[in-house]
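Be aware that the sequence shown starts at 156, since it is given in my numbering, and climbs by one per residue.
Because the hints were derived from the structure by calculation, they are not lab data.
Where is the CB? At the ideal position from N, CA and C, for every residue including glycine.
Just to be clear, a hint being listed does not mean it is correct.
[As the list claims (entries may be wrong)] Each computed SDA-like pair below joins lysine to any residue, with the alpha-carbon atoms no more than 20 Å apart:
no. : residue 1 : residue 2
1   : Lys-296   : Val-174
2   : Lys-296   : Ala-214
3   : Lys-296   : Glu-273
[Unchecked claim] Between beta-carbon pairs, the in silico distance windows are:
no. : residue 1 : residue 2 : range
4   : Asp-435   : Asp-286   : 46 to 52 Å
5   : Val-398   : Thr-438   : 25 to 31 Å
6   : Arg-381   : Val-324   : 47 to 53 Å
7   : Ser-298   : Arg-383   : 26 to 32 Å
8   : Leu-422   : Met-156   : 48 to 54 Å
9   : His-239   : Ala-177   : 51 to 57 Å
10  : Asp-188   : Asp-435   : 52 to 58 Å
11  : Ala-291   : Asp-435   : 47 to 53 Å
12  : Thr-304   : Arg-383   : 38 to 44 Å
13  : Val-324   : Leu-384   : 51 to 57 Å
14  : Asp-426   : Leu-390   : 52 to 58 Å
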Amino acid sequence: MRLGASTAEAIANVFEMFVPGAVERGEVSVLPDGATPFTNLPLHGVAASVSYVDGVTGANVLVMNPDGARVLAQAMGVPAPDEHTPELSELELSAVGEAANQSLAAAAAAISVVLGQEVEISPPDTRVLDDPDGAAELYGKASHAISTTFVIAGEPCRLIQLVPSAFVVRMARAIDEMAVEPPAGGDAAGAAGAELGAGGAADGGVLSLDDALRDINLRVWAELGRTRLALGQALELPVGAVVDLDRSADAPVDLFVNGLCFGHGHLLVTDDGEWAIRVDALTGPASRHGVTVATPMQ
């Protein structure tokens with residue numbers, strides 16, 4: 156229950172960044188022995204999974220229905236399709252995979268705080284569940300399983316955690332050690348782990364997760380403009396070709412953080428001759444104006 160609660164809170168915090176005020180966390184359930192967590196999965200639902208590759212073993216699978224996946228993709232800047240179709244585009248699936256990568260990385264960071272040990276995850280595998288009944292065979296099983304429900308912009312979402320016995324033993328040992336040896340007042344990481352190990356106090360739990368999320372690496376890039384080309388035109392572009400963009404040279408530049416348009420600014424050159432962006436406005440939940448970001452241009 157402690158593992159599920161801390162993981163779910165970390166994931167909910169990341170989803171809240173994408174769809175502010177539209178995230179509800181449901182119940183955390185530890186399934187009885189022998190029960191499979193892969194029941195009642197939505198047909199053509201989107202599943203994003205990661206496995207732990209260092210520190211611990213186990214896996215997390217995030218499942219949402221097609222409408223929920225589309226809502227999340229649009230929140231990350233993917234335009235809505237011209238006509239409503241049940242099939243998600245490659246761009247929509249890519250955006251959902253990116254959101255899952257961030258949320259599951261935050262979950263791994265929360266677990267790292269509890270264990271006091273770095274936990275690394277594999278790149279996310281995102282796929283459409285054309286055969287939900289085959290999910291159990293696809294993702295395997297473990298000694299323990301946790302299921303946590305979410306509602307994102309009115310659409311249901313489920314986190315399934317496959318937890319081997321060795322993981323539970325290590326986590327229980329870490330929590331016991333925290334109880335026996337309280338962290339020093341100046342040890343922020345240890346204090347965060349103690350709060351999470353105790354289930355996450357109303358104030359302390361959020362603070363500790365914020366501290367844990369600060370060390371997650373994000374991809375940052377700036378976008379000067381876009382255009383559309385037929386595949387044949389793109390393949391025939393010669394070296395040195397000039398491609399017109401949909402913006403003028405003095406138009407604002409968009410700043411993206413892991414696929415999410417997070418702000419706008421204008422280009423400048425630093426004293427070292429590097430391209431940079433002077434951020435004029437932020438559109439995310441946190442705002443700090445007047446920031447200069449030195450970033451590779453795409």
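We went through each hint and held it up to the structure:
no.: 1; hint: Lys-296 / Val-174; result: violated (32 Å)
no.: 2; hint: Lys-296 / Ala-214; result: holds (9 Å)
no.: 3; hint: Lys-296 / Glu-273; result: violated (24 Å)
no.: 4; hint: Asp-435 / Asp-286: 46 to 52 Å; result: holds (48 Å)
no.: 5; hint: Val-398 / Thr-438: 25 to 31 Å; result: holds (27 Å)
no.: 6; hint: Arg-381 / Val-324: 47 to 53 Å; result: holds (51 Å)
no.: 7; hint: Ser-298 / Arg-383: 26 to 32 Å; result: violated (51 Å)
no.: 8; hint: Leu-422 / Met-156: 48 to 54 Å; result: holds (50 Å)
no.: 9; hint: His-239 / Ala-177: 51 to 57 Å; result: violated (20 Å)
no.: 10; hint: Asp-188 / Asp-435: 52 to 58 Å; result: holds (56 Å)
no.: 11; hint: Ala-291 / Asp-435: 47 to 53 Å; result: holds (50 Å)
no.: 12; hint: Thr-304 / Arg-383: 38 to 44 Å; result: holds (39 Å)
no.: 13; hint: Val-324 / Leu-384: 51 to 57 Å; result: holds (56 Å)
no.: 14; hint: Asp-426 / Leu-390: 52 to 58 Å; result: violated (40 Å)
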